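Enquirer: Sequence:
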Amino acid sequence: MPANFAPRPFSATSQVHPSYLPALHKSGRIERRLATATVAAVGIGYGLAKYRAYQAEQWQHQQTQAFHNAEASPAMVAVAADPQKEAVENAYGDRTSLAELEAAVVAYERRRKD
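Taking my numbering, the leading residue of the sequence shown gets 0, the next gets one more, and so forth.
Not one of these hints is a red herring.
FRET-style restraints, in silico, Cβ to Cβ: (1) 31 with 52: 25 to 33 Å; (2) 53 with 33: 29 to 37 Å; (3) 33 with 57: 34 to 42 Å; (4) 65 with 96: 27 to 35 Å; (5) 107 with 66: 21 to 29 Å; (6) 64 with 31: 44 to 52 Å; (7) 49 with 96: 42 to 50 Å; (8) 104 with 69: 26 to 34 Å; (9) 82 with 44: 50 to 58 Å; (10) 105 with 43: 52 to 60 Å.
Read the hints as simulated data drawn from the structure, not as lab findings.
The model shown is predicted, which means the values in this text are computed figures rather than measured ones.
Backbone N, C-alpha and C define an ideal beta-carbon position, used for all residues, glycine too.
All chains should be built: construct the whole structure from the sequences, respecting the hints.
Expert: Printed below as a string of structure tokens:
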């Protein structure tokens with residue numbers, strides 16, 4: 000053997016290069032795509048949730064305003080002046096006492112039999 004010749008190291012634990020290894024090098028692009036899509040989906044979901052909460056808050060605010068405006072509205076007075084509705088309200092009462100509640104039950108049973 001020549002003096003400047005160095006033998007190659009030999010080991011039983013040498014690296015194996017299977018055929019599927021090159022496919023694993025490309026997985027970074029797929030992971031980045033998946034991460035980008037996941038972040039986008041989470042962002043859109045968060046945005047939609049906030050938008051729905053905002054819409055619900057706006058709807059509740061509008062309903063509250065409509066209720067307060069309707070209390071003083073003359074249209075509500077006209078609806079309450081309906082004789083049939085007024086008769087039902089008088090028959091059933093506001094049920095604040097036991098006597099009113101018993102009278103309401105009697106009126107309900109009488110109306111149900113008719």
